[in-house]
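Colleague: Build the full structure now, drawing on both the sequences and the hints.
Those protein sequences? They're chains B and X, same order as listed. Position 202, counted from 1, in the first sequence is what numbering that gives the first Met the number 0 calls 201; the numbers after and before it change by one each time, with no gaps. Position 294, counted from 1, in the second sequence is what numbering that gives the first Met the number 0 calls 293; the numbers after and before it change by one each time, with no gaps.
It should be emphasised that the hints constitute simulated quantities derived from the structure, not laboratory data. We treat Cβ as the ideally placed atom computed from N, Cα and C, and that holds for glycine. Keep in mind that the hints are not guaranteed to be accurate.
[Unchecked claim] Dumping the calculated SDA-like pairs for lysine to any residue here, alpha-carbon to alpha-carbon at most 20 Å:
no., chain 1, residue 1, chain 2, residue 2
1, X, K339, B, Y117
2, X, K339, B, G118
3, X, K339, X, I275
4, B, K59, X, Y114
5, B, K59, X, E52
6, B, K59, B, Y432
7, B, K59, B, W429
8, B, K59, B, S76
9, X, K339, B, Y432
10, X, K339, X, V321
11, X, K339, B, G120
[What the hints assert, rightly or not] Computed list of chain X residues with no C-beta within reach of chain B, every gap over 10 Å:
no., residue
12, V8
13, P174
14, L197
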Amino acid sequence: MFPPMPDLLAARSQMGVSLGFHILFAIVGMGMPVLMVLAERRWLATGDEIYHELAQRWGKGTAILFAVGAVSGTVLSFELGLLWPGFMRLAGAVIGMPFSLEGFAFFTEAIFLGIYLYGWGRISRRAHLFAGVLVAVSGALSGIFVVIANAWMNTPTGFEVVGGVITHVDPIAAMANPAAFAQTLHMLLAAYAATGLAVAGIHAYMLLRDSTNAFHRRALSIALLVGGPAAVLQPISGDLAARQVARYQPAKLAAMEAVFETERGAPLVLGGWPDLDARTTRYAIRIPYGLSLLAYHDPHAEIRGLDAIPRDQWPNVPAVHWSFQFMVALGTYMAVVVLWAGWVLRSRGRREGGRVLAENRRLMWALVVATPMGFLATEAGWMTTELGRQPWVIYGILRTRDAVTPMPGLIVPFVAFTLLYCFLGVIVAWLLYRQIVRSPTVPEQLWRVVRTGEWSRKTGDA
Amino acid sequence: MEPKDGGRVTLAEILAGVIVAALNAYVLLAGADFGGGVWDLFARGPRARAQRELVVQAIGPVWEANHVWLILALVLLFTCFPPVFAQLSIRLHIPFALALIGIVLRGSAFAFRSYGGQRDEVQQRWGGVFAGASIVTPLLLGMAVGAVAAGAVGEGGTGKGEGFVTLYVLPWVSPFAISVGVFALVCFAFLAAVYLTLETTDRALQEDFRRRGLVAGVAVMVTGIVALALSRGGAEAVQRGLLGAPWSLPLHVLTGAAAVGALVGLWRRQWRWARIAAAGEVSLILWGWALGQYPYLIPPDFTIEGSAAPLITLGLAMGAIVLGGAVLFPSLYYLFHVFKGRASEV
Ligand code: HDD
Ligand code: HEM
Ligand code: HEM
Numbered sequence: 000m001f002p003p004m005p006d007l008l009a010a011r012s013q014m015g016v017s018l019g020f021h022i023l024f025a026i027v028g029m030g031m032p033v034l035m036v037l038a039e040r041r042w043l044a045t046g047d048e049i050y051h052e053l054a055q056r057w058g059k060g061t062a063i064l065f066a067v068g069a070v071s072g073t074v075l076s077f078e079l080g081l082l083w084p085g086f087m088r089l090a091g092a093v094i095g096m097p098f099s100l101e102g103f104a105f106f107t108e109a110i111f112l113g114i115y116l117y118g119w120g121r122i123s124r125r126a127h128l129f130a131g132v133l134v135a136v137s138g139a140l141s142g143i144f145v146v147i148a149n150a151w152m153n154t155p156t157g158f159e160v161v162g163g164v165i166t167h168v169d170p171i172a173a174m175a176n177p178a179a180f181a182q183t184l185h186m187l188l189a190a191y192a193a194t195g196l197a198v199a200g201i202h203a204y205m206l207l208r209d210s211t212n213a214f215h216r217r218a219l220s221i222a223l224l225v226g227g228p229a230a231v232l233q234p235i236s237g238d239l240a241a242r243q244v245a246r247y248q249p250a251k252l253a254a255m256e257a258v259f260e261t262e263r264g265a266p267l268v269l270g271g272w273p274d275l276d277a278r279t280t281r282y283a284i285r286i287p288y289g290l291s292l293l294a295y296h297d298p299h300a301e302i303r304g305l306d307a308i309p310r311d312q313w314p315n316v317p318a319v320h321w322s323f324q325f326m327v328a329l330g331t332y333m334a335v336v337v338l339w340a341g342w343v344l345r346s347r348g349r350r351e352g353g354r355v356l357a358e359n360r361r362l363m364w365a366l367v368v369a370t371p372m373g374f375l376a377t378e379a380g381w382m383t384t385e386l387g388r389q390p391w392v393i394y395g396i397l398r399t400r401d402a403v404t405p406m407p408g409l410i411v412p413f414v415a416f417t418l419l420y421c422f423l424g425v426i427v428a429w430l431l432y433r434q435i436v437r438s439p440t441v442p443e444q445l446w447r448v449v450r451t452g453e454w455s456r457k458t459g460d461a
Numbered sequence: 000m001e002p003k004d005g006g007r008v009t010l011a012e013i014l015a016g017v018i019v020a021a022l023n024a025y026v027l028l029a030g031a032d033f034g035g036g037v038w039d040l041f042a043r044g045p046r047a048r049a050q051r052e053l054v055v056q057a058i059g060p061v062w063e064a065n066h067v068w069l070i071l072a073l074v075l076l077f078t079c080f081p082p083v084f085a086q087l088s089i090r091l092h093i094p095f096a097l098a099l100i101g102i103v104l105r106g107s108a109f110a111f112r113s114y115g116g117q118r119d120e121v122q123q124r125w126g127g128v129f130a131g132a133s134i135v136t137p138l139l140l141g142m143a144v145g146a147v148a149a150g151a152v153g154e155g156g157t158g159k160g161e162g163f164v165t166l167y168v169l170p171w172v173s174p175f176a177i178s179v180g181v182f183a184l185v186c187f188a189f190l191a192a193v194y195l196t197l198e199t200t201d202r203a204l205q206e207d208f209r210r211r212g213l214v215a216g217v218a219v220m221v222t223g224i225v226a227l228a229l230s231r232g233g234a235e236a237v238q239r240g241l242l243g244a245p246w247s248l249p250l251h252v253l254t255g256a257a258a259v260g261a262l263v264g265l266w267r268r269q270w271r272w273a274r275i276a277a278a279g280e281v282s283l284i285l286w287g288w289a290l291g292q293y294p295y296l297i298p299p300d301f302t303i304e305g306s307a308a309p310l311i312t313l314g315l316a317m318g319a320i321v322l323g324g325a326v327l328f329p330s331l332y333y334l335f336h337v338f339k340g341r342a343s344e345v
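Modeller: And the structure:
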């Protein structure tokens, strides 16, 4: 019987689907606590009840996403072994360290999230705010530790291979691998940019319907405060990441940029169709010296092309090239929109700024368009990183095909988990949609009455 | 490798002990959350709704934190004993994957129910998923433990031979493994019932869970005896450890005393006593299993020493545990203080 899908392909697909699903929730898990804490802090500082309402409503939506993030993350921890036992057997002792630290970060995060979500009114306001800060910090730490592990897969250090066996293990050196800093920084900024701009986009949409709504104005300003700086810094940290890739992962860089020939003063290739057989990229725009300049900050630097890489070690060139270009395009748009908003805001006060932003309909539309972009860019970035590493799971050390589990029939779990995630995705989207549609639309004067009414109903339930 | 008789305790052994301790915490805390799902399913009588609400209220703030104990045990396992993690993942792929689906559905269903629609039929639908997944998951995890204890997932174990079914299915569907699965489920339900008496001040609800706790407590004894009987044919190594070692008699006496103590506590409505005794009973059972298969992590061929990571990794992991623990325990204390301190004090 010919299997409908080879086991290796099924395992890779399942890993990709699981990670691609989890990252959406992980981003929110890193970004939303920051937004909630800022809103709550403003509530404590100004006494403006709207900020209180905002923090609580954001908390409700986030609770659902957190739960799905936690369970999909659990699946991943198991899948490392269920799908890639060969990888874990070899790598566990070397990169178990960041995972163990991550375990403790998860703990802190889950504990204080419980306190934050369920602790309104049970603990002092200061303690509540502090719990929120701890959720934000430990969320960021979880992300940092797990990306360090991934960076090690890209640029493995901290061990020696003697006769196919890993010896001289040094887990600290492994954590300090060359890709770690650039990747963790880039991922952290991605989380804040993606969450901030997504929330900004949603509230911008509501402001397009009613630009006087005080609730959405305040929400927008906080979201931009978090997402804005991150989106502007993202291309800079991306440049850092790219230079690291150029130095340590030549095959990935060649695929990202669709460079077939090794050359000095290499042009930057935009778009186009990488033709593997002809070894050229058709229909692309070429910016002379661009790539050498970007990768080494020197117009004449040599860029190693795919010709320097054995054919059986090429990643999937078109997929990596397009993913990368897609990310960069989205990142450019996001940064430009934020700079535009900054220009509109030039030296206005908080109240005044909220009005100026909300009444600029074109800017609001531009923000609405950016709503999903951070998430899409993150997915594209991860496709670049992960597909670009193939055929290696540990770059230059262990091939993916040698890491996969010997259990046959992997298409079954792949299909099962994919269906499960589709099902969850639809439900989460629906619940969030309802949460957003139900946001308050009352004018400011009536606000307090409504809120107090709802408060007594809530406490009546408990 | 031979176990060292009377020698010093090694770092690898300590770490194996920490992993068992993390599993112990998982069983006592998350296990009870699973058990809550069982009582959600069996909510009956005029107070069915109140019973369900009590379960939701009790596990809402803590289930995510309770769940992390499993992840901690897992990451420590693959850091400190990579070959063991690989072997378990290969041979127990199917029960783990199914348990994962259960974990995903249970967690999401719980969140959807708590934060989703207030309409009754929506609540009921997610309640059903939550309860179903709460039953299936402990069953599967218990079966996996049973398969390990039986020595069926080691290289030289009964899982030897060819063919998909022999390698990947038979180890965890043996009568012994199934009996361990049922036993785990019953233990979790027992813990939940006992804990829930302390979560409310409503007399009638306390009585409901007292009755359930008594039934479950007896069921724990019955299923425990069945599992022990089946281990005769199924898990000889563990059984030999459990019955033959010098510590085995005191352990059995203590476990039995805790079991009786929990039932007596429930009977006399001394809820706090019952909780301590029930937790003690289940912990002793878990440690009995762990000690029973010492020095093996997976009998009959993966020992603690033989599958440990290099010393430097173990040392760093230990350091991480000490540092992490210094943050973790005060935080956990605070969490339980905020949410669990109330009802029982009134
Ligand atoms: C909001 C999301 C986002 C945005 C706007 C960008 N990126 Fe990105 N990028 C990511 C989100 C991301 C990511 C998903 O977070 C990745 C995947 C792996 C990683 O560490 O970060 C990533 C990876 C990644 C890598 C590969 C790193 C590696 O494989 O080691 C490079 C070279 C860049 N990015 C470069 C850029 C550049 C030049 C951008 C210019 C605008 C850019 N990224 C915008
Ligand atoms: C969350 C964002 C991530 C996404 C979207 C992602 C995506 C992917 C994809 C698409 C694959 C399949 C690649 C292929 O075989 O062609 C893959 C493989 C894999 N990823 Fe990631 N990845 C992410 C982060 C990570 C991290 C942080 C780790 C680190 C520990 C990791 C570990 C792995 C492993 C072990 C494989 C399997 C081996 C391989 O195919 O190279 N991934 N990932
Ligand atoms: C770039 C990739 C990743 C990032 C940035 C990331 C980040 C996060 C964050 C911030 C959370 C907590 C928020 C939430 O629950 O929604 C989380 C949860 C989790 N992640 Fe990831 N993660 C990534 C990939 C992975 C991988 C590869 C694994 C497994 C090996 C993993 C395992 C987990 C687990 C087990 C949880 C649940 C923790 C809990 O129960 O609270 N994650 N992740």
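Colleague: Does each hint fit the structure? Answer for all of them.
Modeller: Going down the list of hints, with the structure as the test:
no.: 1; hint: K339(X) to Y117(B); in the structure: 12 Å, holds
no.: 2; hint: K339(X) to G118(B); in the structure: 12 Å, holds
no.: 3; hint: K339(X) to I275(X); in the structure: 15 Å, holds
no.: 4; hint: K59(B) to Y114(X); in the structure: 7 Å, holds
no.: 5; hint: K59(B) to E52(X); in the structure: 19 Å, holds
no.: 6; hint: K59(B) to Y432(B); in the structure: 13 Å, holds
no.: 7; hint: K59(B) to W429(B); in the structure: 14 Å, holds
no.: 8; hint: K59(B) to S76(B); in the structure: 26 Å, violated
no.: 9; hint: K339(X) to Y432(B); in the structure: 33 Å, violated
no.: 10; hint: K339(X) to V321(X); in the structure: 26 Å, violated
no.: 11; hint: K339(X) to G120(B); in the structure: 15 Å, holds
no.: 12; hint: V8; in the structure: 21 Å, holds
no.: 13; hint: P174; in the structure: 24 Å, holds
no.: 14; hint: L197; in the structure: 18 Å, holds
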